[in-house]
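S.K.: This is what each chain is made of:
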Amino acid sequence: MLIIQGPFPQLSTALILPSPEETNTQQLTSTVQTKRMMDGSLRTHVKRRNGRKKYRWEFVVGNAKAKEVEDYFIANAGRKAQAIWQDVVYIGYLTLNPFEMGGQVAEYYRITIEFEERP
Amino acid sequence: MANFVADTFTDTDSTALTAHTPDTGGTWTVHGSSIGTPTVPIVSNKLDASSWGLYGAYYNTATPPSADYVVAVDVQTDGTSDTTSGGGVFARLSSSATLTGYLVRLQAGRLFFQKFVSGTATTLGSQAYSAVSNQDYRLYLSCIGTTISVKCQRLDNLNWINSSGVEQASETNVFSVTDSSVTLAAFAGIAGRNAIYGFDNYAAGDDGTLSSTFEETVTSTMTFVENLNGLEELVVDDLSSLAGEITFFNVEDDREVPETTLALVSTVIMEGLIQGEGSTLSLSGLAVGELFGQPELADTLGISDVATGVLGVPHSAPWGVGGVAQTLSFVSDFTTARPASASNTLTLTDEAIASYGLDSTLAFVSTVSGGISHPVEQDLGITQVISRAGSEWVRSATSSMTLSSSANAWSGDDKCFRRLGSSNVPIAAAGDLTLTSLDGAYSIVLRNPETDNSRRTAFDRVLRETRGGDLIVFRDTGWNVVQTLLFTITAIKTTTLSNLQTFFLNTLGKEISLTDWLGEEWTGVVTRPDETFTEDRDGYWTFAFEFEGSKADGSFVYQNLGLTQEVSQTVVP
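Heads up: the sequence lines are chains A and B, in that order.
With the working numbering applied, the first sequence corresponds to residues 1 to 119, in that order.
With the working numbering applied, the second sequence corresponds to residues 120 to 692, in that order.
Among the hints, erroneous ones may be present.
As the list claims (entries may be wrong) - Cβ-to-Cβ under 10 angstroms is the rule here; a few derived chain B residues that face chain A: (1) Asp-579; (2) Gly-597; (3) Val-600; (4) Val-601; (5) Thr-661.
Said to hold, decoys possible - Chain A is nowhere near these chain B residues, computed Cβ spacing over 12 angstroms in every case: (6) Thr-131; (7) Ala-240; (8) Leu-274; (9) Thr-634.
In case anyone wonders, no lab produced these hints; they're calculated from the structure.
A virtual CB, placed ideally from N, CA and C, is assigned to each residue, including glycine.
With the sequences and hints as input, model every part of the structure.
M.R.: In structure tokens:
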């Protein structure tokens, strides 16, 4: 079970979702740009982004739950949120834009939530 | 342990004791209990007490570290049985005119042991002995807690006077009492009465072992340093020479801690544009004979380091001599960039001979580092021998030797000769993928990647197709070559994932070292730390990352290690 609550910190809405599908991902947001000099040396330019991470979860939910998620996005777009997953609390933003419900099969939707940390 | 007062009374003749500066400690001051003002001079580097007169005492103003110490002095008698004369030492002596302290004094034929408390004298012991005319005796007054003891040693035959006044070979006390009347950490002193004696070798130590009374450290150090530095100079030439003859290099009068150090250091440091460099540190011996028929011509170059301790010599610490340690160390280090060849030879012999307790340690490090070089060879030869000739009680001899040797070489430009030596013996082949920051502060070991790993080599070059359809390709040999490694690692646990992300953050944009499962080492940068980690199964992640860098050659070099170890023993039945 994955819970999304918002807006942070005055949590007034809770969105309860089932466990995400396998192949959920996470990644660092830090980046490295490399530039090779004429003498062969390498220079790097980095953006640390304070070590923030980005998470991506996919769900298969019923029609009503999918619309509930959609309502949450409409009501809290651009607001900071709190996600609880496997007893770990993440604070950040839902960054996926546009939010899309797709793959409808017999009243089921496949939705994706992308969450970037911003403590 | 150090003495807080030590005095060999070495000074100009007729110098008064109050004007004399002791070897260690404060000044000698007349004690207020003295009758009159004794003027005891120094004659022939001894304290001449023949004109001491009535009772007089001096104390040294050096404050003892504690109340527990031993004071000692050499006293010479003239053999006259004058019971009104005597000389000796004070311990725990207060500076007040009313005497407080412990006194032992020696006169011809009798030893007196007394305590004084606010001017009241109490005899703690009196023992007759057979005095020898003009003979040195050494008095020891030991105050350790409430145990106050006296020893007396005749210095020509090293015999000790026992509690019955009889000489014996083994060490013993003349007097030993338990007394708590005087416990102050007060001064050490010297006293005489109508004295006809000479005093010498006064010492007061701050612990309970009399060895501290005679502790002396004799140090001899000879250091020769030659430094050569150059920065962007075509030729830097500095010749220094140390010429001269050392005919006598000796440490005499060792008592407990003999120490001698001989160091020769030669260093060359050059930076920038280097054309040539050289550093030579040599010790040479030369013997040339020109006369026809000269029967023998010998040339010996010896470097030796010797420490010898002898137990029981006069003036040595009678409570036991400390161990004798000998260390002979050589370091030979030759490191240079881009040599045509590199060779390093280090030869060392270390020998210890003792009547018992054989212990031999031989340790050294030999290193060869070569830049762009073909031959990198390292020969390391060691011989360690322990032999002993017999004791029928102890029949064992051990010899242990730990040895390591390593050699590395790399070739940055000439790829045809990058691998030197045996190609089937990689130095490190742990079967893991290891990432380490160049400063060694961060490191992580990962499982081997999937077999779809790839190595990409990209060249800077120019491709042009002419109007006539010809293809013209140009590349300058100095243009860049970029090598990229791509790895995909599966089924790493969440904790490893977290550690890897932490490693990426700590080394973001910095060069790291990557050692692959074959032992090949790369230096470069992780260019895509923001690649996606995918959780394929619960708690198990798949990750792909890209590494751009260059290979550090030198995984395969010659390395020969020769070792001989021998233990022999001859047992006397």
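S.K.: Against the structure shown, which of the earlier numbered hints fail to hold, in ascending order?
M.R.: none
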